[in-house]
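Q: Given only the sequences and the hints, what does the whole structure look like? Please build it.
Given next are the chains, with one letter for each unit.
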Amino acid sequence: MATKASRSAARAMMAPAVVLLLGWMLVPLIMTLWFSFRTYLPLRGGDQGWTGFDNYVRFVTSSSFWPAISTTLILLIGVLVITIVLGVLLAILLDQPMWGQGVVRILVIAPFFVMPTVSALVWKNIFMDPTNGLFAHLWKFFGAEPVSWLSDAAMPSIILIVSWQWLPFATLILLTAIQSLDGEQMEAAEMDGASVLSRFFFIALPHLSRAITIVILIQTIFLLAIFAEIFVTTGGAFGTRTLSYLIFQRVLESQNIGLGSAGGVYAIILANIVAIFLMRIVGKNLD
Amino acid sequence: MSIKRTLLSTVVGLGLTAGIAAADGHSATITIATVNNGDMIRMQGYTDQFTAESGIAVEWVTLEENVLRSRVTTDITTKGGQFDIMTIGMYETPIWGANGWLVPLDDLSAEYDAGDILPAMAGGLSHDGTLYAAPFYGESSMVMYRTDLMEKAGMEMPAAPTWEFIRDAAAAMTDRDNEINGICLRGKAGWGEGGAFITAMSNSFGARWFDMEWNAQFDTDAWANTLNFFKDMMDASGPSGYATNGFNENLNLFNQGKCGMWIDATVAASFVTGDGSTVADSVGFALAPDNGLGKRSNWLWAWALAIPAGTQQEAEAKQFIEWATGKGYIELVAANEGWANVPPGARTSLYENPEYQKVPFAQMTLDSILSANPNESTVEPSPYVGVQFAAIPEFAGIATQVSQEFSAAYAGQQTVEEALAKAQAITDEAMEAAGYK
Amino acid sequence: MARAVTNQRKAINTAAAWIIGLLIFFPILWTILTSFKTEAQAISDPPVFLFFQWTTENYSTVMERSNYGRFLWNSIFIAGGSTILGLIIAIPAAWSMAFVPSRRTKDILLWMLSTKMLPAVGVLYPIYLLFIQFGLLDNVYGLTFILMLINLPIIVWMLYTYFREIPGEILEAARMDGANLKSEILYVLTPMAIPGIASTMLLNFILAWNEAFWTLNLTAAKAAPLTAFIASYSSPEGLFYAKLSAASTMAIAPILIMGWFSQKQLVRGLTFGAVK
Numbered sequence: 003m004a005t006k007a008s009r010s011a012a013r014a015m016m017a018p019a020v021v022l023l024l025g026w027m028l029v030p031l032i033m034t035l036w037f038s039f040r041t042y043l044p045l046r047g048g049d050q051g052w053t054g055f056d057n058y059v060r061f062v063t064s065s066s067f068w069p070a071i072s073t074t075l076i077l078l079i080g081v082l083v084i085t086i087v088l089g090v091l092l093a094i095l096l097d098q099p100m101w102g103q104g105v106v107r108i109l110v111i112a113p114f115f116v117m118p119t120v121s122a123l124v125w126k127n128i129f130m131d132p133t134n135g136l137f138a139h140l141w142k143f144f145g146a147e148p149v150s151w152l153s154d155a156a157m158p159s160i161i162l163i164v165s166w167q168w169l170p171f172a173t174l175i176l177l178t179a180i181q182s183l184d185g186e187q188m189e190a191a192e193m194d195g196a197s198v199l200s201r202f203f204f205i206a207l208p209h210l211s212r213a214i215t216i217v218i219l220i221q222t223i224f225l226l227a228i229f230a231e232i233f234v235t236t237g238g239a240f241g242t243r244t245l246s247y248l249i250f251q252r253v254l255e256s257q258n259i260g261l262g263s264a265g266g267v268y269a270i271i272l273a274n275i276v277a278i279f280l281m282r283i284v285g286k287n288l289d
Numbered sequence: 100m101s102i103k104r105t106l107l108s109t110v111v112g113l114g115l116t117a118g119i120a121a122a123d124g125h126s127a128t129i130t131i132a133t134v135n136n137g138d139m140i141r142m143q144g145y146t147d148q149f150t151a152e153s154g155i156a157v158e159w160v161t162l163e164e165n166v167l168r169s170r171v172t173t174d175i176t177t178k179g180g181q182f183d184i185m186t187i188g189m190y191e192t193p194i195w196g197a198n199g200w201l202v203p204l205d206d207l208s209a210e211y212d213a214g215d216i217l218p219a220m221a222g223g224l225s226h227d228g229t230l231y232a233a234p235f236y237g238e239s240s241m242v243m244y245r246t247d248l249m250e251k252a253g254m255e256m257p258a259a260p261t262w263e264f265i266r267d268a269a270a271a272m273t274d275r276d277n278e279i280n281g282i283c284l285r286g287k288a289g290w291g292e293g294g295a296f297i298t299a300m301s302n303s304f305g306a307r308w309f310d311m312e313w314n315a316q317f318d319t320d321a322w323a324n325t326l327n328f329f330k331d332m333m334d335a336s337g338p339s340g341y342a343t344n345g346f347n348e349n350l351n352l353f354n355q356g357k358c359g360m361w362i363d364a365t366v367a368a369s370f371v372t373g374d375g376s377t378v379a380d381s382v383g384f385a386l387a388p389d390n391g392l393g394k395r396s397n398w399l400w401a402w403a404l405a406i407p408a409g410t411q412q413e414a415e416a417k418q419f420i421e422w423a424t425g426k427g428y429i430e431l432v433a434a435n436e437g438w439a440n441v442p443p444g445a446r447t448s449l450y451e452n453p454e455y456q457k458v459p460f461a462q463m464t465l466d467s468i469l470s471a472n473p474n475e476s477t478v479e480p481s482p483y484v485g486v487q488f489a490a491i492p493e494f495a496g497i498a499t500q501v502s503q504e505f506s507a508a509y510a511g512q513q514t515v516e517e518a519l520a521k522a523q524a525i526t527d528e529a530m531e532a533a534g535y536k
Numbered sequence: 012m013a014r015a016v017t018n019q020r021k022a023i024n025t026a027a028a029w030i031i032g033l034l035i036f037f038p039i040l041w042t043i044l045t046s047f048k049t050e051a052q053a054i055s056d057p058p059v060f061l062f063f064q065w066t067t068e069n070y071s072t073v074m075e076r077s078n079y080g081r082f083l084w085n086s087i088f089i090a091g092g093s094t095i096l097g098l099i100i101a102i103p104a105a106w107s108m109a110f111v112p113s114r115r116t117k118d119i120l121l122w123m124l125s126t127k128m129l130p131a132v133g134v135l136y137p138i139y140l141l142f143i144q145f146g147l148l149d150n151v152y153g154l155t156f157i158l159m160l161i162n163l164p165i166i167v168w169m170l171y172t173y174f175r176e177i178p179g180e181i182l183e184a185a186r187m188d189g190a191n192l193k194s195e196i197l198y199v200l201t202p203m204a205i206p207g208i209a210s211t212m213l214l215n216f217i218l219a220w221n222e223a224f225w226t227l228n229l230t231a232a233k234a235a236p237l238t239a240f241i242a243s244y245s246s247p248e249g250l251f252y253a254k255l256s257a258a259s260t261m262a263i264a265p266i267l268i269m270g271w272f273s274q275k276q277l278v279r280g281l282t283f284g285a286v287k
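Quick note, the sequences are listed as chains A, B and C, same order. Heads up: the first sequence begins at 3 in this note's numbering, then just goes up one per residue. Heads up: the second sequence begins at 100 in this note's numbering, then just goes up one per residue. Heads up: the third sequence begins at 12 in this note's numbering, then just goes up one per residue.
The hints are simulated quantities; they were obtained by calculation from the structure and are not laboratory data. Keep in mind it's a predicted model, so treat the numbers as computed, not measured. Some hints could be false.
[Unchecked claim] With a cut-off of at most 27 angstroms between alpha-carbon atoms, the simulated DSSO-like pairs for lysine-lysine come out as follows:
{"no.": "1", "chain 1": "C", "residue 1": "K233", "chain 2": "C", "residue 2": "K21"}
{"no.": "2", "chain 1": "B", "residue 1": "K357", "chain 2": "A", "residue 2": "K142"}
{"no.": "3", "chain 1": "B", "residue 1": "K457", "chain 2": "B", "residue 2": "K426"}
{"no.": "4", "chain 1": "C", "residue 1": "K117", "chain 2": "C", "residue 2": "K193"}
{"no.": "5", "chain 1": "B", "residue 1": "K251", "chain 2": "B", "residue 2": "K178"}
{"no.": "6", "chain 1": "B", "residue 1": "K178", "chain 2": "C", "residue 2": "K21"}
A: Put into structure tokens, the structure is as follows:
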């Protein structure tokens, strides 16, 4: 169908995007690779030459490496599970007939517009502060001892903050998918005596699989790179040091560019493993 | 193909405009990176006067402390040239100065009177005897306490208390029903927060970060004693969640009347006796505690203005530094907002001024500053300079991680022994990576 | 008969949805309320909800201290510019992927998405050094370009899914009528794709507006957007909840208002081709 002319035109049209992204990927990647094989300490006279795989070995053998990987994955999976489960429930609820649907929808999507820095600051200070935070007031009102959220329950707190930010996104996409659900099919099933649960599991959920795939894919990309939320709330303390935060500490706090760059290479590898894993599971859904 | 052409012209257009923007950017405008502390914010309010006097416009980049640190460090190490003046501390100055990244401040005008800068401050902001940053304000740490609560507890604060006394007083002042904590201290992770406090405290317990061969010393009894003493006292008499409290959290607690004692920066004295405080009338001051080993637990710090080497506006930047850290600025603030609000701890002449001597915390601030010695901060000899830090490039990274382990111990997520073992491993690991061993 | 919803059921739905909606919105509402309190009221125990002395002093303090207008303008310029530039580059690419697909199209798409997984912190130094070389530090054009690159994969992908929904027959018909490539795009595809383009634009604008790593690290004074504005209010000395709330409100208000007005487009568009 497509002619030779239209093919070459198509290639020409793709070229700017491909070239730019290739540049955006290759230039920093090559520089990162280069630095990762060198002893590069900006505060100690800069680039001090070739070290082979020392940085790579040092980064993995550091006592912080595996905890950082597991923290990254816990954060990723925790947020994905929460946003998808709550997102599906919320989407079903919002699809029901009700008064003031438009307004409710506005309320629900609002957190998506809030900058990560702002949401982290607001949650940390105004809500989770163990002395002056709103939660502390609430706990005291009920006679309970206020919880110091960001030290005693640091990971759950961060997962809560991040989930709050991403729940609207998941809900929106799932909502549009649910709205396209065939009403007649549902009614027929209902007449056949299918329970609410079986209707949900056998009709609604399969229909949503593609939308869920999209949510997982997009959120994973952003969740692996989470930084501001941790920087503002715990600074990586209390077991909240993710891989990207560990790299930040190596590069900026310890001022060891070589070591940090090696960490960057590991992060790229991890991201690609997750990506391949995702593609295997969800790739079929993307056609 | 028209899309391609549009794209091309857009890119070229962007490039051109960028070039023009870069070319006309500098006409006697200096860019200053600074921290969002109260004294700096106040200085920004007076910038118009500087511009009116000198014709030099000032652009402020005001950032939170952690953001500022990573921002200016990136810029100075890559010679990015984004700032004409950077606000840095006593930790960065000697390291950056040694690397030749800062303009030496050895030719300031006679009127500025560099000899008037407190010797302790000038010493900490110099490398090889050359001043690289001018102190805007300086601080040590001291005990601030509630005179009314102390009286109620039937005790009397000595001018130079011991840790034992502090612990007993804290227990006596604690009144959980009325939300009064006997003592508030920094437990927050970060080398400049809880890390600074515990390091200064460890000096008075005879501990040190490194021995003369740069071996980490967290496996010593002195460190175990420090950490256990701190945790036991805070668990008994400190506020809940103290593992996440830093300077600002404690300041707010104290100002709300929720702390009996608070050991922290001397600059806090003007806040706890100022408008924002509900306990302003009943605050007393004392030297930071000791253990009779010859070292007290007070630190030494200054926020100072430095000029990155390579700036196009060196002369203008120097002019600003002379204005902001000179005697005239102190008088300007004193005339408008009273002597209690002038930037403290930088100049000898301020403490000789009879007006300033009337300020209740002036003498104790000076005494605290004078009793800190960055060159001999530990009981046993140590190879590093600095009281609450070691002035080596690796320290910030190491100490931040170490203090995170300590905070986890304060929060009860691991024992003190586990935290110290991890601190030992982290420090040795990093020192090895940096080539000390 | 099953669809004949009783008013009772509708009332239950309404109540449940409103409670959850308000719960999710509450942190934002509380921040806005706090911004109108005095610092003492902001931390008072028990907290005050609506009945307090409303004041705008926090806003005037913030306005006095920071050049809000410039931060706002930079945010608008950077987010808007990167979005428009991204669309200019992405539309042809997505168009050709959707209508002249080859065996490699899907691989290229996935590869594009994978470039987004490069951890920003890891490449800070390389990018910073490059920006020094090209004199792009603290420059709105440099930032616009970077943010365009960061979001380009998402734009291409979203547009691709929209374009694929446009039936191919329409193109065939247009070609039969002698339309060339240019008029194909201009008169046939673009009108059909406008809703998709609109929501791509919105989503990308939001992502660019909220980006807080590069915008903070590559700017100083002249090009700093609202993310840098917020960094000067995050934890100063003394009580700061009310001022922080005011600054937060000022940072999120423009995008919140824009988002609310355009939420129909956003909702309709955010399908990623999920609705067949």
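Q: Which hints, by number, does the structure contradict?
A: Hint check: 1, 5 and 6 fail, others pass.
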